Amino acid sequence: MIIEQPSKWLRWLYPSAIWRMNPQEKAVYLTFDDGPIPEATPIILDILDRYGVKATFFMVGDNVRKYPHLMQEIEERGHRLGNHTFNHVGGFQCRSKEFLRNTYKADQLIHSQLFRPPRGWMRWAQYMRLRKKFTIIMWDVVTRDYSRLLTADDVVQNVKDYTRNGSIITFHDSLKSIEKLITALPESIEWLQQQGYEFKLFDANQKRSRHLK
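Taking our numbering as reference, the numbering of the sequence shown is continuous, increasing by one, and the terminal residue is 215.
If you're looking for bench data, these hints aren't it; they were derived computationally from the structure. Fair warning: this is a prediction, and the values are worked out from it, not measured in the lab. Every residue, glycine too, gets a C-beta built ideally from N, C-alpha and C. Watch out, some of these pointers could steer you wrong.
To be verified - List time: in silico DSSO-like cross-link candidates among lysine-lysine, alpha-carbon distance up to 27 Å:
id, residue 1, residue 2
1, K178, K202
2, K178, K28
3, K10, K28
4, K28, K68
As the list claims (entries may be wrong) - Just the calculated beta-carbon pair ranges, DEER-fashion:
id, residue 1, residue 2, range
5, M130, E41, 34 to 40 Å
6, S18, P44, 30 to 36 Å
7, P44, Q195, 21 to 27 Å
Produce the complete structure using the sequences and hints provided.
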């Protein structure tokens, strides 16, 4: 459960980050990391359009540089944009100065106040600096659609097993995930709709929250 649904101790490491939205509201927030890429993003957008669902895309700046039309399409279709660094660098892979520079470089292209660190980790100094400029969005459910050990059915089952009121659900806009998402994303959306969940977007200036349960 530490993987699919981060434990409370992990959430407390970054207390002003948002891991889960209002637990009293029957709503979920779909997010997609690592894009945009031409092999996956258009497919995901078409699936979301089919169901009338909006999501937040945490994008890698270098992918935006290469495929600016995809970022434009995401925005034009009514989805929210988020920063996922320029080169998908982990906070523990480089010095804080380099990590911050990489994040700000992506911000010059994406222009979003929403930020998600790759792999959900960053040094405390990085976190303290970035929280002043960005609202840091983590997740309540990670589907693990990127894993070679999981099938599309497993991805859907993770959604079913771990989703709850206010869940921020993370899929991936990537080559590792797209074959599974072609099946798993529609099935997940249909199941969430059957359960009565509303699909919501973060506010552009999302207030920080501490829903840790």
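Against the structure, the hints come out as follows:
For the hint pairing K178 with K202, the CA-to-CA distance comes to about 26 Å; that is within 27 Å, so the pair holds. Using a Cα cut-off of 27 Å, the hinted pair K178 and K28 is violated, with the two alpha carbons roughly 30 Å apart. Between K10 and K28 the CA atoms are separated by roughly 21 Å; this keeps the pair inside 27 Å, and the hint holds. Using a Cα cut-off of 27 Å, the hinted pair K28 and K68 is violated, with the two alpha carbons roughly 38 Å apart.
For the pair M130 and E41, the beta carbons lie near 37 Å from each other, so the given range of 34 to 40 Å is met. Distance hint for S18 and P44: a CB-CB separation of about 35 Å, consistent with the stated range 30 to 36 Å. Taking the beta carbon of each, P44 and Q195 are about 23 Å apart, inside 21 to 27 Å as hinted.
Checked against the numbered hints listed earlier, the structure breaks hints 2, 4; every other hint is satisfied.
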